[in-house]
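Peer 1: Sequence:
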Amino acid sequence: MWVILTMASAVHWFRKGLRLHDNPALLDAVQNPTTTYVLPVFCLDPIFLRPETVGVNRMNFLLECLQDLDQQLRKLHSRLFVLRGNPLEQLPVFFRKYHTRLLTFEFDTEPYAKQRDTQVRRLCAELGIEVRTRATHTLYDPEDIRRELGDRPTPLTYKSFYAFVTERLGQPMSALDAPAPASGFQTPDVDLDTYTVPSLSELEAYQGLEVETPFRGGETEALRRMENFLRERADEVRSFAKPATSPTAWPVASTTQLSPYFKFGCLSPRLFVERVRSLRPLQQPPVSLIGQIWWREFFTYVAYVTPHFHQMQGNPICRQIPWREAADDARYRAWEEARTGYPWIDACMVQLRQEGWLHHLARHAVACFLTRGDLWVSWERGRETFDRLLVDADYSLNNANWLWLSSSAFFHQYYRVYSPISFPQKYDPNGEYVRHFLPVLKEMPSKYIYTPWLAPVVVQKKAKCIIGEDYPHPIVDHAVVMRENMRRMREALDAGAPQRVPKRPRRDANEASSSSSSS
DNA sequence: TGTCGGGTTGTTCCA
DNA sequence: ATGGAACAACCCGAC
1 MWVILTMASA
11 VHWFRKGLRL
21 HDNPALLDAV
31 QNPTTTYVLP
41 VFCLDPIFLR
51 PETVGVNRMN
61 FLLECLQDLD
71 QQLRKLHSRL
81 FVLRGNPLEQ
91 LPVFFRKYHT
101 RLLTFEFDTE
111 PYAKQRDTQV
121 RRLCAELGIE
131 VRTRATHTLY
141 DPEDIRRELG
151 DRPTPLTYKS
161 FYAFVTERLG
171 QPMSALDAPA
181 PASGFQTPDV
191 DLDTYTVPSL
201 SELEAYQGLE
211 VETPFRGGET
221 EALRRMENFL
231 RERADEVRSF
241 AKPATSPTAW
251 PVASTTQLSP
261 YFKFGCLSPR
271 LFVERVRSLR
281 PLQQPPVSLI
291 GQIWWREFFT
301 YVAYVTPHFH
311 QMQGNPICRQ
321 IPWREAADDA
331 RYRAWEEART
341 GYPWIDACMV
351 QLRQEGWLHH
361 LARHAVACFL
371 TRGDLWVSWE
381 RGRETFDRLL
391 VDADYSLNNA
401 NWLWLSSSAF
411 FHQYYRVYSP
421 ISFPQKYDPN
431 GEYVRHFLPV
441 LKEMPSKYIY
451 TPWLAPVVVQ
461 KKAKCIIGED
471 YPHPIVDHAV
481 VMRENMRRMR
491 EALDAGAPQR
501 VPKRPRRDAN
511 EASSSSSSS
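In my numbering, the protein residues as written are 1 to 519.
For the record, the hints were derived by calculation from the structure and aren't laboratory data.
Ideal Cβ placement from N, Cα and C applies to all residues, glycine included.
One or more of the hints may lead you astray.
Said to hold, decoys possible - Cβ-Cβ distance ranges computed for the label pairs, FRET-style:
{"hint": "1", "residue 1": "Val305", "residue 2": "Arg50", "range": "26 to 32 Å"}
{"hint": "2", "residue 1": "Leu279", "residue 2": "Ser422", "range": "31 to 37 Å"}
{"hint": "3", "residue 1": "Ala330", "residue 2": "Arg487", "range": "18 to 24 Å"}
{"hint": "4", "residue 1": "Lys442", "residue 2": "Asp189", "range": "27 to 33 Å"}
{"hint": "5", "residue 1": "Leu279", "residue 2": "Glu126", "range": "38 to 44 Å"}
As the list claims (entries may be wrong) - Taking lysine-lysine and the DSS-like style, the derived pairs with C-alpha atoms no more than 25 Å apart in a straight line are:
{"hint": "6", "residue 1": "Lys464", "residue 2": "Lys447"}
{"hint": "7", "residue 1": "Lys242", "residue 2": "Lys159"}
{"hint": "8", "residue 1": "Lys461", "residue 2": "Lys447"}
{"hint": "9", "residue 1": "Lys426", "residue 2": "Lys242"}
{"hint": "10", "residue 1": "Lys114", "residue 2": "Lys75"}
{"hint": "11", "residue 1": "Lys442", "residue 2": "Lys462"}
{"hint": "12", "residue 1": "Lys442", "residue 2": "Lys464"}
{"hint": "13", "residue 1": "Lys426", "residue 2": "Lys447"}
{"hint": "14", "residue 1": "Lys461", "residue 2": "Lys442"}
{"hint": "15", "residue 1": "Lys97", "residue 2": "Lys242"}
{"hint": "16", "residue 1": "Lys447", "residue 2": "Lys462"}
{"hint": "17", "residue 1": "Lys426", "residue 2": "Lys442"}
Build out the structure end to end from the sequences listed, making use of the hints.
Peer 2: Given below as C-alpha cells:
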C-alpha cells in the first residue's frame, strides 16, 4: 500500500466508449511517461440509475458492457474500477487515494455530459491533474467540423453535411488497436474486493424488474456480431439500402442491429467503416451501411451545436407546433401501453418494451402515429418513451429522429403520413409480426389482421378476439384525423413562420415588399 | 430576398 | 402485378 501511495497514476474514465479497441484516450493513459499506474474507472452516476429514465433492458446491457470491459482488462493484468455516486464527488476521492496526475476520457457532446465534464475539468485544475480527451464516439471530432464551418450556417441536410465534411476533412482517422499485453499497462493489485462491477440485483431501484432484451452487452459481443454479419451476410452488406429493409423481419432482423453497441461505444464507427469497406462493390450513402454511420455523424453534430435540441421551446431549428396539452395524456398512455387499437402500432410498442429495439421504419411508424399523423401528441413525450425503453437510446439520434418524424426539423413534407394499415401490409401481408407480439390476434384472419374492428362479429368470435373486450377499438379514425392534422400543421406553419412567403396569394411585388418592410 | 431542384424510407388509384 | 401520376404543396441549399 505504501508503494502505491507514492506512485503517480493515470486514470482513464470510461463513460461511453466502452471498448479497448480504437480508444486513443485509453492509450494516452497507458503510454503516459510520467505516471506509473493506469486505473480504468467507470462511475455509476445516480442520475442514470432510475428505471423511469433508463429502462431495465438498457441498464442490464450497460452492466454487461462493464463486465466485459473488466474481463478484457484483466487479460491485460488490469481491471475496471467501478465507482458509485456522483462523479464530481467520487472522482476526487479516488484521485487523492491513487495520486492521480493525468485524467483521460472520450469527448462527449451531450448537454449533461458537457456540463459535468466542464466541472470535472475545473476540479482537476484545482487538484493539479492534467486532462486529455479524444473525440472517438464519431468518425470526426465535432470541433474540427465546427472550425471548418466557421461562419457558415450549420448544414441542415444530410447531403450538404456529407459533402462539406468529406471535402474539408477527408478520410477519418483510422481505427487503433487495443493496447497490447506488453504495452506497459500496469494497474495496482489493490482493493480487489471493492470497486467491482455490480449485478443488476445489487441495484436497488431495479430489483424485481425482468430483463427481456435479447441484446447482450459488451465489446466482445459487438465485435463478434459485426464480424458475423460481414461474413454471413456479405451480399446484404454490399447491396444494403436502408429504406428497402423490412421493419417486420423477426426474429432475424433485416439490419445489423449494431445500434446498441454504437450507442455505448462498444464498437468504434471508424473500425466499422473500415471493415465494411473491405467488401466491394458497395451501395453508396445515404442509403448504404456506411451511409447510416453518416446519419449518426450528421445528427450528433447538429445536436451538439443546436441549443435546446431536445425540446421545441428555444430550439432554433424546431417548428413551433401547438401539440395537444400535456395534461391530456390518455392518448399518450394508450400509445405507450400498446392500446391504440391499431395492431401494427401496438405490436411495435410491445417489441420496443420487450426487446428494447425496433427497426428504423417501425420507429417511423409509431413516431408519426403519436405526433403529426394521428394523435397530435408532442414529439418530446415520444422521445421520453424511446429514451427509457430503447437499449440503443442515444440523445442526439433519438431527438433528431423525433424532430424528423414530427416534421419539426430536417423533414418537412408533413403531408406524407404513414398509414398504420397499408404500410405494414406491403411488408407482412399475413401479419406474422403482429401475431407474435400481440398473441391475442393470433387467430385473426389475414384479411383483418391490421383492421380487426372491420371483422364481422362471427369472425371475431371464431378468432377468440372480440374487439372492445379482448382488444381495443381504434383510438382514432386514421383517415379522418390525418386530414385534420394536416390542416393543423398548415395553420401552425402560417402562424409560426412570419418570414415565410405564402405561395397562394402572391398578388404583386409592391404588396409583398410593403408588408415585409418592418425594419 | 428570386427561383428551382431535390429531399434515405407515403398513400391511393389507375393503367 | 408494377409503375406512374395525383394528392397538396413543405423547406434547404445552390445558383
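Peer 1: Now tell me if each hint is right for this structure.
Peer 2: Tested hints:
no., hint, result
1, Val305 <-> Arg50: 26 to 32 Å, "holds (29 Å)"
2, Leu279 <-> Ser422: 31 to 37 Å, "holds (35 Å)"
3, Ala330 <-> Arg487: 18 to 24 Å, "holds (22 Å)"
4, Lys442 <-> Asp189: 27 to 33 Å, "violated (57 Å)"
5, Leu279 <-> Glu126: 38 to 44 Å, "violated (50 Å)"
6, Lys464 <-> Lys447, "holds (16 Å)"
7, Lys242 <-> Lys159, "holds (16 Å)"
8, Lys461 <-> Lys447, "holds (15 Å)"
9, Lys426 <-> Lys242, "holds (16 Å)"
10, Lys114 <-> Lys75, "violated (32 Å)"
11, Lys442 <-> Lys462, "holds (11 Å)"
12, Lys442 <-> Lys464, "holds (9 Å)"
13, Lys426 <-> Lys447, "holds (13 Å)"
14, Lys461 <-> Lys442, "holds (13 Å)"
15, Lys97 <-> Lys242, "violated (50 Å)"
16, Lys447 <-> Lys462, "holds (14 Å)"
17, Lys426 <-> Lys442, "holds (19 Å)"
Hints 4, 5, 10, 15 from the earlier list are contradicted by this structure; the remaining hints agree with it.
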